[in-house]
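Student: Use these hints to put chains C, F and H onto chain P, whose structure you have.
Number of protein chains: 4
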Amino acid sequence: MLGTYRIRTDLAMEQAERFTEENVEIRGVAIQENYDKEKDIRTTVVKIQTENGAKAMGKPQGCYITIEAPNLSVPDEDYHREVSGEIAHHLRELIHLEKEKSILVVGLGNKSITSDSLGPQTVDNLHITRHIIREYGVQAMGEEYLHRISGIIPGVMAQTGMETLEIIQGIVAETQPDVVIAIDALAARSTRRLNRTIQITDTGIHPGSGVGNHREGLTEENLQVKVIGIGVPTVVDAATIVHDAMAHLLEALDEAEQKEFLEELISPNLHSMFVTPKDVDETVKRLSFTISEGLNMAFARV
Amino acid sequence: MLGTYRIRTDLAMEQAERFTEENVEIRGVAIQENYDKEKDIRTTVVKIQTENGAKAMGKPQGCYITIEAPNLSVPDEDYHREVSGEIAHHLRELIHLEKEKSILVVGLGNKSITSDSLGPQTVDNLHITRHIIREYGVQAMGEEYLHRISGIIPGVMAQTGMETLEIIQGIVAETQPDVVIAIDALAARSTRRLNRTIQITDTGIHPGSGVGNHREGLTEENLQVKVIGIGVPTVVDAATIVHDAMAHLLEALDEAEQKEFLEELISPNLHSMFVTPKDVDETVKRLSFTISEGLNMAFARV
Amino acid sequence: MLGTYRIRTDLAMEQAERFTEENVEIRGVAIQENYDKEKDIRTTVVKIQTENGAKAMGKPQGCYITIEAPNLSVPDEDYHREVSGEIAHHLRELIHLEKEKSILVVGLGNKSITSDSLGPQTVDNLHITRHIIREYGVQAMGEEYLHRISGIIPGVMAQTGMETLEIIQGIVAETQPDVVIAIDALAARSTRRLNRTIQITDTGIHPGSGVGNHREGLTEENLQVKVIGIGVPTVVDAATIVHDAMAHLLEALDEAEQKEFLEELISPNLHSMFVTPKDVDETVKRLSFTISEGLNMAFARV
Amino acid sequence: MLGTYRIRTDLAMEQAERFTEENVEIRGVAIQENYDKEKDIRTTVVKIQTENGAKAMGKPQGCYITIEAPNLSVPDEDYHREVSGEIAHHLRELIHLEKEKSILVVGLGNKSITSDSLGPQTVDNLHITRHIIREYGVQAMGEEYLHRISGIIPGVMAQTGMETLEIIQGIVAETQPDVVIAIDALAARSTRRLNRTIQITDTGIHPGSGVGNHREGLTEENLQVKVIGIGVPTVVDAATIVHDAMAHLLEALDEAEQKEFLEELISPNLHSMFVTPKDVDETVKRLSFTISEGLNMAFARV
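Protein chains in written order, with our numbering: chain P, 129 to 430; chain C, 129 to 430; chain F, 129 to 430; chain H, 129 to 430.
Isolated chain P (complex conformation):
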């Protein structure tokens, strides 16, 4: 089994897939899939319900919604409004937006590294309302009541000298939101998923995940408020590419032999390399619009 060789993926669905491929059912993990043929959107909900399930999946208990839309990587006029709608739908359910909420949206990642800039670019396009409602009241917004949206782009540790968690803990303590939504660029296992998959989870953002590798998680445990994580894989570790291409080839060998081969073949400097599509700059910009519109739609309706 190749699972002993650690390949990094931030997508719960990719983890689940590996068990499915081997026809193993995992106790404590419920998987539900839905395909909208007209919109060509596949939604997979993975619910990790027990400690055992969490161990098997290598991810904390909670709900992981994956929206796959192959068209996402193709530009269109309205930035894939149908995908924004799907995001909005799931957010409304997860956060219970039928009641007025105060929400802090956090754009994780390094603005000046293209593949890591999804979070910052998304927050740049949000409709921010908290300061207006605080000054003029909700009625100023022309709706019966409305959510108080604030946003922050904290930067990464190399830029700030601070853990992202420290910054967000401080701001949460001061501004007391009901929910934190954190948006981050992820690393995927397969190039097939790059920029076409959006993962929404109620477990927050975890250490070691993301293109820029967070060291301490933005989780309900750490922040004392509900934390929703939204992620899109924008890179694949270059080592993964080689690994995956060879897994098939090496099937004849036993596990120990496989591991030896792979370790020899994957040169160490590959681990500091990313695989990205050639048009990653344009792609991340478009994706950030799809997500920010999803958030704007979710927050606007009452």
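Hints are computed from structural coordinates only; laboratory data are not their basis.
Keep in mind that the hints are not guaranteed to be accurate.
Identical copies carry no separate label here, and so any pair may be met within one copy or between two of them.
[To be verified] With a straight-line Cα cutoff of 25 Å, these simulated SDA-like cross-link-like pairs (lysine to any residue) come out:
id, residue 1, residue 2
1, 413, 324
2, 354, 230
3, 229, 253
4, 413, 207
5, 165, 209
6, 227, 287
7, 413, 287
8, 229, 286
9, 406, 206
10, 406, 263
11, 406, 291
12, 406, 202
13, 406, 260
14, 406, 324
15, 354, 425
16, 183, 160
17, 354, 261
18, 183, 335
19, 406, 334
20, 406, 256
21, 406, 264
22, 413, 240
23, 165, 218
24, 183, 349
25, 413, 202
26, 229, 287
27, 175, 153
Tutor: The following block gives chains C, F and H in isolation, referenced to the frame of chain P:
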């Protein structure tokens, strides 16, 4: 006297000048000037020492150091290292950098409005050390001891929905720095000072100041730690240009007549206009280097 | 009369206005105005028909269409599609787009100076077709026939060491377009017109015009093909602000006295200053969309 | 032999290496290597002298200078001035800069795709002199005589609708430079060379080379003036990574079997993927400084 007509300046020196012109000495305000002929740098230290002085100046008690360097607006190879040195010198005195300090540098302003982006651009060029020292200890830095520098670009209220003060209060509470240094683009009264003048003050940043107009001050009173404000005028309100040009012309009239004329002549839409040099994009970029180098120099030496 | 004191404007309409104010009719100049109340768009067509008219107006013979839309400076969802439509309408008439054309669009100005970047930003958003039609034929575009659109952002002389005219002459000689459309940021006389007025002319771009001041014109005479100029005022010279504010005040004086006063009052360094709205970065970005959409609309329909 | 399976490299040295590995000497190809231990710079000069050599190497006759500096990928204070000096040295020899020259520098590639923006970023940092010398004479430059430097960033075909060759042919015909220097981002075969290798050649830029894949070459044959190409590999095609990792593994198989395996294993979508270092944005920016400083040094000295 024209003083009754409110003209906005963030520079204590410009305020002081108006009294000097009229040969008035203000009690509670001490002014000291120094000119380095070789470097062509003029340094003015205005100390507002009493409540009375504060009232007369329209600025809080404290020390205001103004560095004027006409050459600043001209590009040079090392981004005016002599000015960086001057900044470093004053910072070392104000913050007592002979002892190890933990310092949070805040880049105020809107990164996507050129004339308001001085603060964010300065923080982008800082040597950030806090996270390294926290992980590996000061000896990892190759010096006997070193300051712990962190930096944040909080964004403006229209982008975040939060008062800058809320964000900084939260981060200060969480990370406990000894000093906060806040950098901001200012509005000046005279085009002659644009991008050539750097003001350093131990009174922090005050409401209504800055290109973007802060509503609540970053001050020692609000943050419970010492706050140093560093500002450079990058714009003049367009209305000021007209006002100043005419002040001279109108000298013959009495005060009431003057006010009437000015109010008639300065069209309301002028108040949403800025006067900037044609090359403001390049200028702000260079200035941010001069200041960040000043900070880097101040922090590096022990 | 103030006319003797040279105040710079790139807008034919502003020039014409000065005569109208004084109730003077100029021979050889026909002015026609149209106001669309519903869309709040005012269109003024100034036709300079004779040498005499050209002299009086200080502009070459030809057709100057000015589209004024006060709403342009306010953001809206579709980047003011009604104004794009108006631009498309006039272009179709001026270039005779009912026949298939090969069109080179030139984005004049300095991309890295915000107020001068209108031309480059507009070309960035154009649908470029020439290379596709050349490789796959017009039928590849899915329309009966289509225009061959190419685009270039030549940069300014300080960046290239070449006159813009040299660059465009070379490219025109090599690629043989039927028409050149040059887009440029202009200087206006009045802040009231900033970012709200679009001028389209069949006389091209003239020396000394534009925010960056071209030295040799992009004209039919120089390029041997029809040249359409499209300009939007994005700045006012700071000196103009003072001048205009005082013109009214000085009416009592005679011409010589006025000139003396003005020359004294307008300090020389004002001439290197621009007046811009505070949000010029965002505004120029939006305007470039309105114009590029106007061009895209004009080129797409058959 | 794997050579039958086409793997793309723009570096002559990588091509030569493959023969060297197999201990084959190619007639018509002279290879000379020099290593400066102190600066840790290895310079390889490959001279393809005959038709036969050109065929074997798959590259046109001419001189290919490769500068390898492992430190290049590490930031330093002066942007690796020692490498700039090496570039300057070779340029002076290739272009005979002891005589006054008129030189057009062309920044190839797409400015808005990070890994392809090396050329545009390099031209942005050049000292442009042609317009000053034309207006004020060489003596205005404060040197006895000086080269006339012009620069252009033509954009890529998808942006302009024109072949880069058309644009440059037009500008060369109009401005008559003695030499064209074209700078481009390249694709390498090995991640080990990424951002650490600079290739200078007197054969210009060839079709199918570069990150963006030029369709017609910028060569002396096409432009009628000498053309120097300067390239730095900033990406590796993702398919190459897999290919290289497996070449070793597959050695036991015969050629036909190898090819079959490889074609099966390398998924088609890999061919639209790039492998880049995680910090490609910062790296390309630094490299462009090293190269532009090399050019500035070469042009400045007399």
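Student: Each of the hints needs a verdict: does it hold here or not?
Tutor: The hints, checked one at a time:
no.	hint	result
1	413 x 324	within (13 Å within a copy, 28 Å between copies)
2	354 x 230	within (11 Å within a copy, 32 Å between copies)
3	229 x 253	within (20 Å within a copy, 37 Å between copies)
4	413 x 207	both (10 Å within a copy, 19 Å between copies)
5	165 x 209	within (16 Å within a copy, 33 Å between copies)
6	227 x 287	between (37 Å within a copy, 24 Å between copies)
7	413 x 287	both (22 Å within a copy, 18 Å between copies)
8	229 x 286	between (33 Å within a copy, 19 Å between copies)
9	406 x 206	within (22 Å within a copy, 29 Å between copies)
10	406 x 263	between (45 Å within a copy, 22 Å between copies)
11	406 x 291	between (31 Å within a copy, 20 Å between copies)
12	406 x 202	both (13 Å within a copy, 24 Å between copies)
13	406 x 260	between (41 Å within a copy, 20 Å between copies)
14	406 x 324	both (15 Å within a copy, 20 Å between copies)
15	354 x 425	within (20 Å within a copy, 43 Å between copies)
16	183 x 160	within (20 Å within a copy, 58 Å between copies)
17	354 x 261	within (22 Å within a copy, 32 Å between copies)
18	183 x 335	within (16 Å within a copy, 52 Å between copies)
19	406 x 334	between (28 Å within a copy, 20 Å between copies)
20	406 x 256	between (33 Å within a copy, 20 Å between copies)
21	406 x 264	between (46 Å within a copy, 24 Å between copies)
22	413 x 240	both (13 Å within a copy, 11 Å between copies)
23	165 x 218	within (18 Å within a copy, 44 Å between copies)
24	183 x 349	within (18 Å within a copy, 49 Å between copies)
25	413 x 202	both (12 Å within a copy, 24 Å between copies)
26	229 x 287	between (31 Å within a copy, 19 Å between copies)
27	175 x 153	within (13 Å within a copy, 63 Å between copies)
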